[in-house]
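Construct the complete structure from the given sequences, taking the supplied hints into account.
Protein chains in written order, with my numbering: chain A, 108 to 413; chain B, 747 to 1022.
These are computed hints drawn from the structure, not numbers from a lab. One should not assume that every hint holds.
Claimed, not checked - Restraint ranges, calculated between C-beta atoms of paired labels, are given here:
{"#": "1", "chain 1": "A", "residue 1": "V336", "chain 2": "B", "residue 2": "R875", "range": "45 to 53 Å"}
{"#": "2", "chain 1": "A", "residue 1": "G204", "chain 2": "B", "residue 2": "P834", "range": "34 to 42 Å"}
{"#": "3", "chain 1": "B", "residue 1": "R783", "chain 2": "A", "residue 2": "S236", "range": "55 to 63 Å"}
Remember, predicted model here, so these are calculated numbers, not experimental data. Each residue gets a CB set at the ideal place from its N, CA and C atoms; glycine is no exception.
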Amino acid sequence: MTDLFAYDFMQRALIAALLVGLVAPAIGTFMVQRRLALLGDGIGHIALTGVALGILTSTSPIFTALIVSAAGALLIELVRVRTRTSGDVALALLFYGGIAGGVLLIGLAPGANTATLTSFLFGSVSTVSTEDVYAVIALAVIVLGVLAFFGRELFVLCQDEEVARAHGLPVRLLSAVIAITAAVTVVIAMRVVGVLLVSALMVVPVAAAQQLTRSFRVTVALAMGIGVVASLGGVSAAFYSGADISPGAAIVLLALAVFAVSVGVGQVVRRRRGRGPVPQKGAEAVPAGTIPQTKPGSLDPGSPST
Amino acid sequence: MSVEVSRVESSASAHDTPPSSAPPAFRVADAVVEYDRKPVVRGVSFEIPHGEVVAVLGANGSGKSTLMRAMLGVVPLASGSVEIHGRPVRGFRDWGRIGYVPQRLSVGGGVPATVREVVASGQVARRRRWRRASAADRAAVEHALESVGLTDRARDSVHELSGGQQQRVLIARALAGGPDTFVMDEPMAGVDAANQQALARTIADLARSGATVVLVLHELGPLAPLIERAVMLSDGVVVHDGPPGGLLSSSPHLHPHTSDAASLPAAPALEVPLRD
Chain A
108 MTDLFAYDFM
118 QRALIAALLV
128 GLVAPAIGTF
138 MVQRRLALLG
148 DGIGHIALTG
158 VALGILTSTS
168 PIFTALIVSA
178 AGALLIELVR
188 VRTRTSGDVA
198 LALLFYGGIA
208 GGVLLIGLAP
218 GANTATLTSF
228 LFGSVSTVST
238 EDVYAVIALA
248 VIVLGVLAFF
258 GRELFVLCQD
268 EEVARAHGLP
278 VRLLSAVIAI
288 TAAVTVVIAM
298 RVVGVLLVSA
308 LMVVPVAAAQ
318 QLTRSFRVTV
328 ALAMGIGVVA
338 SLGGVSAAFY
348 SGADISPGAA
358 IVLLALAVFA
368 VSVGVGQVVR
378 RRRGRGPVPQ
388 KGAEAVPAGT
398 IPQTKPGSLD
408 PGSPST
Chain B
747 MSVEVSRVES
757 SASAHDTPPS
767 SAPPAFRVAD
777 AVVEYDRKPV
787 VRGVSFEIPH
797 GEVVAVLGAN
807 GSGKSTLMRA
817 MLGVVPLASG
827 SVEIHGRPVR
837 GFRDWGRIGY
847 VPQRLSVGGG
857 VPATVREVVA
867 SGQVARRRRW
877 RRASAADRAA
887 VEHALESVGL
897 TDRARDSVHE
907 LSGGQQQRVL
917 IARALAGGPD
927 TFVMDEPMAG
937 VDAANQQALA
947 RTIADLARSG
957 ATVVLVLHEL
967 GPLAPLIERA
977 VMLSDGVVVH
987 DGPPGGLLSS
997 SPHLHPHTSD
1007 AASLPAAPAL
1017 EVPLRD
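Spelled out as structure tokens, the structure:
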């Protein structure tokens, strides 16, 4: 374990991974509940255009990726609301636009080609610089701050948009908050897992956590825990394998393994919890539920004739 | 007959309601709502005074749910106006006074939430930022859970409950915010007979306490004794506005705007089936 921390680049990699594992599932829980599980993936593709733009204009790719993916996230919301396009089609449009834009722009950049994009596609956590670490810390603080500030409203919005409107909540503003927060998270996570796998860290830990929980709050906390374990585990695995293993891939596969285990555990727990009272309740509930349904319809008109 | 009983109850609770100078809970004037340029609500006008229990009735596609959404500002008006407690719906800010009960609990993406979390989220319009729930907030949540009989399920996931129990969660969520004006969309839909009785009792308690209750229904059902007034919609216009008793017998020749005056003795206490 000591050699893991002996290298500066590993320390930076572990800090970045820790923050990504913490933040991505937190915003991811709201996205999953709002049925926007693939929003992160869409934004990731758009971020690629931002990265290419940064390389083309010799500015920080993280900065341009932040601007472009935030704009793209808002665009997804607009397309979803304004045109009669369903959420998944709106996402698809941006997926392809983002990839095409990235490949096009990188071709225009002197001395760069699509290979330059590879480190952003699959992540390159070992090349994270000190400045990158500060940027990631700042972005993580912003994301967690926004979630703490708007959490209550976002919970209502993601539960039922119409109820949110009837509470007088600013639904458009809150939707934009989710979209932009997701975009910021994507840019943080881009260096660690790459834009192609970014969405996995927002969705898979949440999917794993919700197999085991009954409460929203606990789901968020558990998903963050799973995210941290998977991120640190993945980066460590890459280190000990002597860089044969891609850290991004290891992180995502670890999270998927946790998901598989929690599906099994969740079923056992539910069965055990249900074994006592639930079958009894179910046996009572079936006649109680069916008789009143049939009674007014079929028994009442029948009874005078018989 | 049961209607008369509820009349007595409601007149007894008349002291609880604010003086008549208070603006009506809802004032709808010539409201038109269109979906894709096609009018769904076509020029509806009525007022719901504070403390009244009103059913908005109509068959599927009559525009009753759309009207209700327009009354809450969820869908925009093509023309006309809606006022809530004397303020135009766009400028209305006092949303803590409104308790909306949607038709069913939305599952969303399937992330679990406990009964208590969902009920407590009804306080979103009145809770301050960065503050933990106050003792009064928590007491309101407990009281809301108690009044729908779900205290013992508070820690369970809402997805584990039956449809009727979920409906009670939604009513408790509205109660937790402490509103004085309730708008309920088909609260009895998909609820078994035992739960219907429990729900009817909860709504009766609300009415007794002086709350305004607007119920969107396709039939009066077990709520019939509570309802003081029925607004019936058909094809986007009001075809009856008055006591629910004489609904079918008197509806064809009632003009929507004069119906308040026409509601004197016009309703003979005939037991007419309200639908079918």
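field: Those earlier numbered hints the structure runs against, lowest number first
entry: 1
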